[in-house]
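Make the full structure from the sequences, and use the hints.
In the numbering used here, the protein residues as written are 5 to 67.
Keep in mind that the hints were calculated from the coordinates and are not lab data. Please note: incorrect hints may appear among the correct ones.
Taking CB as the label site, the calculated pair distances span [stated by the list, open to error]:
| no. | residue 1 | residue 2 | range |
| --- | --- | --- | --- |
| 1 | Ile38 | Phe62 | 15 to 25 Å |
| 2 | Gln66 | Arg8 | 25 to 35 Å |
| 3 | Ala37 | Gly61 | 17 to 27 Å |
| 4 | Arg8 | Val59 | 31 to 41 Å |
| 5 | Gln66 | Asp32 | 30 to 40 Å |
| 6 | Gln66 | Gly42 | 29 to 39 Å |
| 7 | Gln66 | Ser46 | 32 to 42 Å |
| 8 | Gln66 | Pro45 | 16 to 26 Å |
| 9 | Gly54 | Asp18 | 33 to 43 Å |
| 10 | Gly61 | Asn7 | 28 to 38 Å |
| 11 | Asp21 | Asp55 | 15 to 25 Å |
| 12 | Leu34 | Leu57 | 17 to 27 Å |
Given the structure is predicted, the values throughout are model-derived calculations rather than measurements. Positions of the beta carbon are idealized from the N, C-alpha and C atoms, including for glycine.
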Amino acid sequence: MSNRFALTGARIFDGDDWHEGHALVVRDGLVEAILPTGAVPSDIALVDAGDGLLVPGFVDLQV
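Structure below.
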């Protein structure tokens, strides 16, 4: 069985674009998808990330 959940509520940066109103789906510790929050399957646990930012590692946000 996989460990699968979706982070919601945060602004998500995928390295190219910002996504608001989306969820970051994680399976077994790896990013599986970025989906509109309403499109997350009902069998996936939701984790509220508050009003935070989700960005890939090693991204310089000060540029």
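Could you check the hint for me, namely that glycine 61 and asparagine 7 are 28 to 38 Å apart, CB to CB?
20 Å, violated
Do the Cβ positions of arginine 8 and valine 59 conform to the proposed distance bound of 31 to 41 Å?
21 Å, violated
Holds or violated: 25 to 35 Å for the Cβ distance of glutamine 66 and arginine 8?
33 Å, holds
Holds or violated: the 17 to 27 Å window for the beta-carbon distance between alanine 37 and glycine 61?
18 Å, holds
Is 15 to 25 Å respected by the C-beta to C-beta distance linking isoleucine 38 and phenylalanine 62?
18 Å, holds
Hint check for aspartate 55 and aspartate 21 - Cβ pair distance inside 15 to 25 Å
For aspartate 55 against aspartate 21, whose Cβ atoms are near 19 Å apart, the range 15 to 25 Å holds.
Is 30 to 40 Å respected by the C-beta to C-beta distance linking glutamine 66 and aspartate 32?
Since the Cβ atoms of glutamine 66 and aspartate 32 sit about 32 Å apart, the hinted range of 30 to 40 Å holds.
Given a hint of 33 to 43 Å, does the C-beta separation of glycine 54 and aspartate 18 actually sit inside it?
19 Å, violated
Hint says 32 to 42 Å; check whether the CB-CB distance for glutamine 66 and serine 46 agrees.
39 Å, holds
Please test the hint of 29 to 39 Å on the beta carbon pair from glutamine 66 and glycine 42.
33 Å, holds
Between leucine 34 and leucine 57, does the beta-carbon spacing fit 17 to 27 Å?
With Cβ atoms ~20 Å apart, the hint holds.
Outcome of range test on Cβ distance (glutamine 66, proline 45; 16 to 26 Å):
Between glutamine 66 and proline 45, where Cβ atoms are some 36 Å apart, the hint is violated.
Of the numbered hints given earlier, the model fails hints 4, 8, 9, 10; all others are met.
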